[in-house]
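Trainee: Take a look at the letters that make up each chain.
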Amino acid sequence: MRKIYNRIEEIKGNVITVRAGGIKYGELAEITSAHGKSLAEVILLDGDKVSLQVFSGGRGISTGDEVRFLSRSMMVSFSDNLMGRIFDGSGNPRDNGPALEENLIEIGGPSVNPAMRIIPRNMIRTGIPMIDLFNSLVESQKLPIFSTSGEPYNELLARIAMQAEVDLIILGGCGLKYDDYLFFKEKLEEGGSLSRSIFFVHTASDPVVECLMVPDISLAVAEKFALNGKKVLVLISDMTNFADAMKEIAITMEQVPSNRGYPGDLYSQLASRYEKAVDFEGQGSITILAVTTMPGDDVTHPVPDNTGYITEGQFYLSNGRIEPFGSLSRLKQLVNDDTRDDHRSLMDGMIKLYASYKETLEKKSMGFRMSDWDDKLLKYGDLFENELMDLSVNIPLEKALDKGWEILADCFTPEETGMRTGLTDKYWPKQ
Amino acid sequence: MATTGKVVGVNGNLVSVEFEGDVLLNEVAYVVLQEKRLKSEVIRIKGKIADMQVFEIIKGVGIGDKVEFTGNMLSVALGPGLLRQIFDGLQNPLPQLAEKCGFFLDRGVYLDSISSEKKWELTPRAKTGDTVRRGDTLGTVPEGIFEHKVMVPFNLYSTYKVKSIADKGEYTVKQQIAELEDEDGNVIPVSMVFEWPVKKAVDVYKERLKPVDPMVSQIRIIDTLFPVALGGTYCIPGPFGAGKTVLQQLTSRYADVDIVIIAACGERAGEVVETLREFPELTDPKTGKSLMERTVIICNTSSMPVAAREASVYTAVTIAEYYRQMGLNVLLLADSTSRWAQAMREMSGRLEEIPGEEAFPAYLESVIATFYERAGIVENMDGSIGSVTIGGTVSPAGGNFEEPVTQATLKVVGAFHGLSRERSDARRYPAIHPLDSWSKYAGSVNADKADFARNALFRGDEVSQMMKVVGEEGTSNEDFIQYLKGEFLDSVYLQQNAFDKVDASTSKERQKYVFDKLLLIIMSNLALSDKDEARSFFNQLRQKFLDWNGSAMDTEEFRKTEAELMDMVTNKSSEPMSDLIERFEKKFAE
Ligand SMILES: Nc1ncnc2c1ncn2[C@@H]1O[C@H](COP(=O)(O)OP(=O)(O)O)[C@@H](O)[C@H]1O
Ligand SMILES: [Mg+2]
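So the sequences go chain by chain: A and B. Following the working numbering, the numbering of the first sequence begins with 61 at its first residue and continues without gaps. Following the working numbering, the numbering of the second sequence begins with 9 at its first residue and continues without gaps.
Please note that a few of the clues may not be correct.
Stated by the list, open to error - Derived pair list, reagent style EDC-like, types lysine to aspartate or glutamate, alpha-carbon separation capped at 16 Å:
no.	chain 1	residue 1	chain 2	residue 2
1	A	K490	A	E466
2	A	K412	B	E495
3	A	K412	B	D433
4	A	K423	B	E480
5	A	K412	B	D498
6	A	K412	B	E430
7	B	K218	B	E381
8	B	K54	B	E28
9	A	K418	B	D433
10	B	K509	A	D401
11	B	K14	A	D108
12	A	K439	A	E466
13	A	K424	A	D435
14	B	K509	A	D397
15	B	K525	B	D587
16	A	K424	B	E480
17	A	K423	B	E481
18	B	K67	A	E101
19	A	K459	A	E447
20	A	K418	B	E430
21	A	K436	B	D540
22	B	K539	A	E476
23	B	K169	B	D192
24	A	K97	A	E126
25	B	K171	B	D138
26	A	K424	B	E481
27	B	K539	A	D432
28	B	K14	A	D106
29	A	K436	A	E419
30	B	K476	A	E422
31	B	K67	A	E166
32	B	K539	A	D434
33	B	K476	A	D434
34	B	K297	B	D264
35	B	K135	B	D175
36	A	K284	A	D140
37	B	K539	A	D435
38	B	K476	A	E419
39	A	K247	A	E215
40	A	K436	A	E476
Derived from the structure by calculation, the hints contain no laboratory data. These figures come from a predicted structure and were not determined experimentally.
Sequences and hints are given; from them, build the entire structure.
Mentor: Next comes the structure, spelled out in structure tokens:
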């Protein structure tokens, strides 16, 4: 039975209210207005009052427009035909290909039973020493890239995508600038990866509600592919736009905001998306890398803050580099044990020294006299930044480790490094 | 007749129900969908409308859907077979759920928390004719390494005569093992399992005692500087990535207690997986059995339904109290209590209650206080002593401790292990801030010695602050050495490498032994002529000490490294070692 209504009682922002019976929470409706058709989703039931968020927005909707309930929730088509295709946030084609209707799957499905999860074990090599050596990326990990606007975060995302050995790349664009959308398309085309990619792109000029769908659609499709044995890498840019879209709806619905206008369930909402990252034993996996721009370069802003509590670390992008402080891969210890026996100690030792370098730099800027030790640290910091931190450096992990020892030997004596004797004996470069 | 009702409103996971008959606050009810029944809890009643939080994904619920009330408050099942289990926040066993449903958490599937098939070898302890009250032991069954007491259910409030008791033999938890007759002659059949409402503290004991004995965590900075007592409470606030979870994982492995209950509350599922995959493989040195034998995991991670998250900490603490009744020391680790508070905030927002600070409900403080009050050390009715120690992490928004959850928690706990971003950035793990943290409990290390160390850290920090203003050149050699000593103490004792087999845990004995040597070094007068020499000396000393930390006690390597270390000190000491030792002993004589 299809239920059709012709009386919209309230239009507020992107939310409309109708009186209807027998409607389910989360159900979809189709609204036909002078500007065309749009989907809408039920977000509140109060007696016979039904509130829906309209994907194409409230603008241009008339109280007399037709609302037809579809007796189903939001779904997306799933098949190999998705490969190489580009869609918008509602799942409609953005390229000139055909609309896909077959084999519809539910989005926003239940979460994985924790008892079925396995311990992540495969490192994803990127050729970027700040990742491979200091904060290894691991298959099934969920990691944001914290970034100030203006940083080359999309470039970094694209570069990791090209270099990572995965079967499938899904790009979710949330409020993506049109240029950036084209950039991704070009980059993946150049690298020959477009045919193993699927895009769900909401651009900055599209209706804001569609932005809300992007992570769920992308992840639902990723999940199906993973269950079919594929290693999937999901890239999302930018989750801050997603959070802002949620904020907008929450304010329209007059919810009590918890922190700078964001709804109290921001954490749970973000978590239910990020927790889709998983390694299905005997099947495939989902790894998530998501840009989170930090408004005002403030990592304590609610979006990066809540994200940091959810994800398994973060890459902190600033001044065109992945900063060693603030960056973290929480899963690195699961994979850096059996790479090379100096990996862990070098990783910690070099960062500790880099921290001392920063202190010295501060002292220097205040005009204090530099001791011999300070001079050593200054030299070390320079070498470290230029030969390991610079984003243009592209070397395999083993080379990066060797480079690390070279830098240390260039600057210090073995005992000044704080590294255990066993390791310095083994790896200290012999002149 | 059971009360029923129908749905009249749906707002996220808050459902309003119009009902006929009587409804209890915190009563469990089910929303009936065609194929599924969704568990819910009544959280507000207004006239004929009951507001319920639904513990499941709410999609598909509609106006007019039927609701069945159960007449029971939200409860957990207590009985043998809880240990080694992995439950969700409502005590649904996750591995069994996986067997049934596969990879995903299908909603509306509720399984027995305690297997009704498994048989337990019961030895009756009560005799026919005995007078018993709630909590008295009727019999015992072996549960792994423990003798599990089968007790008179805590919800039987009268005095009873044992009318019959089962013979020694094998029984399932559902089988009757005794009949109890109350004063009015009513006969109550009793099995090995009973239910207890989670939001009610188990109150079956003679008296509550003061927590005094330290709970050894094997983490040096905690045991030596900021100890926790058995039956005490502590909190670990810290920004993300500062090491809260790793700290709790270490504690769950190495803490010297009988039973550990891990409440993974609203944080990453992956972290629980590490525990539940690794624990069965790890042996508990104390018992020689796998660590899982002493562990219960309550797992309601961030993407699982938020209402069940709210319930999960109560499920955990109720199970902890149950084992306390058997005279065991139980440690409850909750990670993170902020997620629990946020679950309350989400519901409070939907209920349109007047919000307090940062939109948390006005009752936040009292709810947190009531939760931590469930920790304690008690003398049970049979004279045995049992304890529940609670350690909760706090995840303050923006890493700022001035926020409501941290502040409310700090008011009620006995120890504060504050993690600092600076320390974790500098990889100084565990990142417990040695100057800001505090504990009201006594530790296993002599208090004068701990104070002396704290003082050395304080002095070192003072010099370091001063040096930021006047530079190294404006600092005297003597002060500079103070600074180096503080840094030294920090890096070789307070910092501990969680991923090193030996260093990850330090026994009480080793702590005492090593700490004495360390204090000797701090007390020594060193003949170091300039700052470069001093720095280089301490660098070498540090390296030697770290090597020492990495070698197991009672090995040749341990003794050799110790001798080399002390030689280094002797060589630079301006007094003979024997004098230094004499000074040390005099200073810390009882
Ligand atoms: N004691 C420790 N020793 C070594 N590394 C640690 C330690 N504590 C934390 N870390 C590092 O920091 C990361 C984050 O720690 P975690 O406990 O997950 O932080 P939080 O729970 O506070 O967000 C870990 O994955 C690990 O790499
Ligand atoms: Mg944590």
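Trainee: For every hint, state whether the structure bears it out.
Mentor: Hint check results:
As the CA atoms of K490 of chain A and E466 of chain A are separated by approximately 10 Å, the hinted pair is consistent with the 16 Å bound. With a C-alpha separation of about 13 Å, the suggested pair K412 of chain A and E495 of chain B falls inside the 16 Å cut-off, and the hint holds. A distance of roughly 9 Å separates the Cα atoms of K412 of chain A and D433 of chain B; the hinted pair therefore holds under the 16 Å criterion. Distance hint between K423 of chain A and E480 of chain B is fulfilled; the C-alpha atoms sit about 9 Å from each other, no more than 16 Å.
Distance hint between K412 of chain A and D498 of chain B is fulfilled; the C-alpha atoms sit about 14 Å from each other, no more than 16 Å. This hinted pair checks out: K412 of chain A and E430 of chain B have alpha carbons roughly 12 Å apart, not beyond 16 Å. For the hint linking K218 of chain B to E381 of chain B, the alpha-carbon distance of about 13 Å falls within 16 Å, and the restraint holds. About 13 Å separates the Cα atoms of K54 of chain B and E28 of chain B, which keeps this hinted pair within 16 Å; it holds.
Between K418 of chain A and D433 of chain B, the direct Cα distance comes to roughly 12 Å. Compliance with the 16 Å bound is thereby established for this hinted pair. Between K509 of chain B and D401 of chain A, the direct Cα distance comes to roughly 14 Å. Compliance with the 16 Å bound is thereby established for this hinted pair. Distance restraint check for K14 of chain B and D108 of chain A: the Cα-Cα separation of roughly 13 Å lies within the 16 Å cut-off, and the hinted pair is therefore satisfied. At roughly 13 Å between alpha-carbon atoms, K439 of chain A and E466 of chain A fall within 16 Å of each other, so this suggested pair holds.
The suggested pairing of K424 of chain A with D435 of chain A holds, with an alpha-carbon distance near 10 Å, which does not exceed 16 Å. For the hint pairing K509 of chain B with D397 of chain A, the CA-to-CA distance comes to about 13 Å; that is within 16 Å, so the pair holds. As the CA atoms of K525 of chain B and D587 of chain B are separated by approximately 14 Å, the hinted pair is consistent with the 16 Å bound. Of the supplied pair hints, the one linking K424 of chain A and E480 of chain B holds, its CA atoms being roughly 11 Å apart against a limit of 16 Å.
The straight-line distance between the Cα atoms of K423 of chain A and E481 of chain B is roughly 11 Å, inside the 16 Å bound, and the hint therefore holds. Between K67 of chain B and E101 of chain A the alpha-carbon distance is near 11 Å, which keeps this suggested pair within the 16 Å criterion. Only pairs whose Cα atoms come within 16 Å are accepted, and K459 of chain A paired with E447 of chain A is accepted, the gap being roughly 11 Å. A hinted pair counts as satisfied when its Cα atoms are at most 16 Å apart, and K418 of chain A with E430 of chain B qualifies at roughly 12 Å.
Of the supplied pair hints, the one linking K436 of chain A and D540 of chain B holds, its CA atoms being roughly 12 Å apart against a limit of 16 Å. Between the alpha carbons of K539 of chain B and E476 of chain A the distance comes to roughly 14 Å, so the proposed pair stays at or under 16 Å and holds. With a CA separation close to 11 Å, the supplied pair K169 of chain B and D192 of chain B stays within the 16 Å bound. For the proposed pair K97 of chain A and E126 of chain A, the alpha carbon gap of about 10 Å is at most 16 Å, so the pair holds.
Our distance criterion of 16 Å between C-alpha atoms is met by K171 of chain B and D138 of chain B, whose separation comes to about 8 Å. Pair hint K424 of chain A plus E481 of chain B holds up; C-alpha atoms about 12 Å apart against a cutoff of 16 Å. At roughly 10 Å between alpha-carbon atoms, K539 of chain B and D432 of chain A fall within 16 Å of each other, so this suggested pair holds. The hinted pair formed by K14 of chain B and D106 of chain A meets the criterion: a straight-line CA distance of about 13 Å does not exceed 16 Å.
Pair hint K436 of chain A plus E419 of chain A holds up; C-alpha atoms about 13 Å apart against a cutoff of 16 Å. Simply put, K476 of chain B and E422 of chain A have alpha-carbon atoms about 9 Å apart, close enough for the 16 Å limit, and the pair holds. For the proposed pair K67 of chain B and E166 of chain A, the alpha carbon gap of about 11 Å is at most 16 Å, so the pair holds. This hinted pair checks out: K539 of chain B and D434 of chain A have alpha carbons roughly 12 Å apart, not beyond 16 Å.
For the proposed pair K476 of chain B and D434 of chain A, the alpha carbon gap of about 14 Å is at most 16 Å, so the pair holds. Distance restraint check for K297 of chain B and D264 of chain B: the Cα-Cα separation of roughly 14 Å lies within the 16 Å cut-off, and the hinted pair is therefore satisfied. Between the alpha carbons of K135 of chain B and D175 of chain B the distance comes to roughly 10 Å, so the proposed pair stays at or under 16 Å and holds. Restraint check: the Cα-Cα separation between K284 of chain A and D140 of chain A comes to about 11 Å, which is no more than 16 Å; the hinted pair holds.
For the proposed pair K539 of chain B and D435 of chain A, the alpha carbon gap of about 14 Å is at most 16 Å, so the pair holds. Proposed proximity of K476 of chain B and E419 of chain A is supported: the alpha carbons are some 9 Å apart, at most 16 Å. In summary, the hint linking K247 of chain A to E215 of chain A is supported, as the alpha carbons are separated by about 9 Å, within the 16 Å threshold. Of the supplied pair hints, the one linking K436 of chain A and E476 of chain A holds, its CA atoms being roughly 10 Å apart against a limit of 16 Å.
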